[in-house]
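Here the protein sequences come in this chain order: Y and A. Going by the numbering used here, 242 is the number at position 237 of the first sequence; the sequence numbering is gapless. Going by the numbering used here, 17 is the number at position 16 of the second sequence; the sequence numbering is gapless.
Among the hints, a few may not be true.
Stated by the list, open to error - Label-pair restraints from in silico Cβ distances:
hint, chain 1, residue 1, chain 2, residue 2, range
1, Y, Arg292, A, Asp279, 38 to 44 angstroms
2, Y, Glu92, A, Gly316, 19 to 25 angstroms
3, Y, Ala13, A, Pro327, 31 to 37 angstroms
Derived from the structure by calculation, the hints contain no laboratory data. Note that CB positions come from ideal geometry on N, CA and C, so glycine has one too.
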Amino acid sequence: MPAADLRACDAALRRLLPAGGLLREEAELRPYECDGLSAYRRLPWRVALPETVEQVQAVVRCCRDHGVPVVARGAGTGLSGGALPLEDGLLLSLAKFNRILAIDPDNRLATVEPGVRNLAVSEAVAGHGLYYAPDPSSQIACSIGGNVAENAGGVHCLKYGLTVNNVAALKLVTLDGELLTLGGRALDAPGYDLAALLNGSEGLLGILVEVTVRLLPVPDYAQVVIAAFDDVQQAGDAVAAVLAAGILPAGLEMMDTLATRAAEDFVHAGYPADAAALVLCELDGSRAEVEAQLERVEAVLRERGATTVRRARDEADRLRLWAGRKAAFPAVGRLAPDYYCMDGTIPRHHLGRVLATIARWSEEYGLPVANVFHAGDGNLHPLILYDANQPGELERTEAFGARILELCVACGGTITGEHGVGVEKIDQMCAQFGAAELEQFHAVKRAFDPQGLLNPGKAVPTLARCAEYGRLHVHGGRLPHPELERF
Amino acid sequence: MNEAAHDKLDSLRDQVAQAFEARRPLAVTGGGSKAFYGRPVEGEPLAVTGHRGILDYEPSELVLSARAGTPLADIEALLAGHGQMLAFEPPHFGPGATLGGAVACGLSGPRRPWAGAVRDFVLGVSILNGRGEPLSFGGRVMKNVAGYDLSRLMAGALGTLGVLTAVSVKVLPRPETEATLVFERDAAAAIEACARWSARPLPLSAACHHAGRLYLRLSGSERGIRGAREQLGGEALNDGDAFWTSLRDHRHPFFDAGRPLWRLSVPPASPPLALAGDGLLDWGGGQRWLYTDAPAEQVREAARAAGGHATRFRGGDRGDVFQPLPAPLLALQRRLKQALDPAGILNPGRLYEGL
Ligand SMILES: Cc1cc2nc3c(=O)[nH]c(=O)nc-3n(C[C@H](O)[C@H](O)[C@H](O)COP(=O)(O)OP(=O)(O)OC[C@H]3O[C@@H](n4cnc5c(N)ncnc54)[C@H](O)[C@@H]3O)c2cc1C
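Turn these sequences into a full structure, and let the hints guide you.
This is the structure in structure tokens:
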């Protein structure tokens, strides 16, 4: 690849974008220096704010011609540094792509621009009795484009699936500036399922400029049951027992004592404060269906040793019980200056063992951990509490986090269930995949992006980097050469 | 079962690696139940059927892993014993149907619009790529976004991107009970009713229209179904299971004709297409089976104009099976094929020329 010609690229971009569409001054660039993983910051070379698909095509072609890397950005709520800028790269913000283009209630589809916020989709279609099911906790802020790029999940994905299961079609601008439609408005499309491949591709394969999502009818009725347990393992077994009983809850979540207390103090949800583990189980459907299942769920939870089992008294109570869970991150955030959120996923039967190990390591590292997670699908979110201003704490936190992720892999799970690899977990990719798989990923990337200009250094490590990490890995800690990411 | 005897990975790997060295095309075969599907392949047969056996199944995890040559029938029997199922209701089309074949063909049964397609249930795969390298993607957990999702990509790729050797799928509890209702309706009214009902929170799980009748399946608890029936009306059909299985496997009398069969996949609420012939609608209108004398271009154009695509499912010109792709999209798919199968030896041409 020829060296990037930044000066020529800058001049060309200024011609291609409308006034105000290219940010160049440090003060304007500053807000883009990080995403939701604020421990990593870097000023981008430039920020482009195109307004039309044609402008995106032209910008991408221009960057390709000048050898300048492109990092796409939606709302910047990502938790793995996927939208972390490059100092010699263009940050391509999709913020101006914020229109809902079409709603097709008969086929239960909505076509939106990628910068539309997740929650705005459900709001726009509510009048038709429909909604968009994937509901990341960040749904008031995160964009649909970012959701697709990360294959975002939420509390309802056990029953209703992840983003990939709820997307019908995508429009993609390739590095060559070509506009492709992947998937379609029917229930399948001919050829390879590239729409599935693009989900979770973290901006490495192309720029999404339009997304058609599938909508579902709003259930008639939803009810939540909360159950308290004296023991985390018991709670984990109870979750498994609910699923084994043939019930598929809309949401099946769990919080440990620290998280429960923090949430209770923050939003006064009405949680029992002394439980070692709290399980929230939501059922939805027709009222008759839900009533029938509620009785069975309550019986299973009691049988499995729950000390308290209670239903929400009314809709307001139900929303309050969920408000506690949804606010768990910020609530835990009040307990320490900083927290670090992990995202490993494990086969559920390892839950007790993994949580016990994390608790032991928490003592060892001297860093408290609160656990809030999607228990139904085994997606853990240990939140490690630390103080970035204390010398060495961030490094200790990252080393602790890396160990948790490697434990998840060792249990047959994965380093990331929904937040993506980004820059954050790139080294743990070396633990999850062998050299042949990583090489295969790079080959797939080259099929889309032969020059390696789309979000380089993210998501998939080079073999050289893994070799380096392998050597350092024994002691944990940060890499001495962060610039290796660029290779 | 002698486990080792059913692990043929080493020999499969050697065969693919040798074929790669010699640039010799392979025709990957499972149970042969879907050999009719896709374009013809010339190549040395690579039989995956012997590579069989359940690798892992813990009902409360809602995940099952099996070698690709495992018969679908064995998997379904095991799941049924634990009150679970493959919710995408894969068509068998014959007694030999295997898990790998079902995933490779990417076909789903009547529950598809409500439960999801094969690709929605694939959690992980092990494959041999076109160099004969054994690779694993995805996993045995519900959520996994580490690396590109190459496992879902295998669904519907007809074995052209890799030889599937093992698959992990999400499984679901079987509904407590099911009921099938029948309504007298013409096709247009049936499509309209399906669109209207699908937009309401009803426990629908299948909808088919044929010969003036709309068949609707409900799944859920006794109480839930009773409630839905009160809202919907219709006549109950005895032995609904037999009806839906015959539809899934094309044993329904509609499919008896020896004529070339078209499959049109369109947005479900599309009004009846202006194509003469005998038709049957599945997926609430989303999947339309058609026997017609209309020229291929006309069938494809009708599907395209409705926002979908048409496949020559059985018979007819086997060189021209799938809806042609726009040139830049086909070019990208060819580059992707090369990324996984650089010598182009895996089922070459089964999907499109050059794929
Ligand atoms: C408090 C909090 C709670 C959260 N809860 C959840 C949760 O419950 N579940 C969950 O899954 N996530 C959660 N997240 C993470 C985050 O919100 C999601 O990953 C979300 O999908 C990111 O969307 P975004 O628009 O902010 O994307 P960004 O952060 O801007 O970008 C994310 C990635 O997508 C790429 N990208 C963005 N837009 C495009 C595009 N148009 N084309 C190509 N690539 C693009 C970027 O390059 C980057 O790699 C949470 C985050 C926070 C801060």
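Arg292(Y) and Asp279(A), beta-carbon distance inside 38 to 44 angstroms?
42 angstroms, holds
Glu92(Y) paired with Gly316(A), Cβ distance criterion 19 to 25 angstroms:
The hint (19 to 25 angstroms, Cβ to Cβ) is violated, given that Glu92(Y) and Gly316(A) are roughly 60 angstroms apart.
If I claimed the Cβ atoms of Ala13(Y) and Pro327(A) lie 31 to 37 angstroms apart, would that claim hold in this structure?
Cβ of Ala13(Y) to Cβ of Pro327(A): about 32 angstroms, so the range 31 to 37 angstroms holds.
The earlier numbered hint that this structure contradicts is number 2, and it is the only one.
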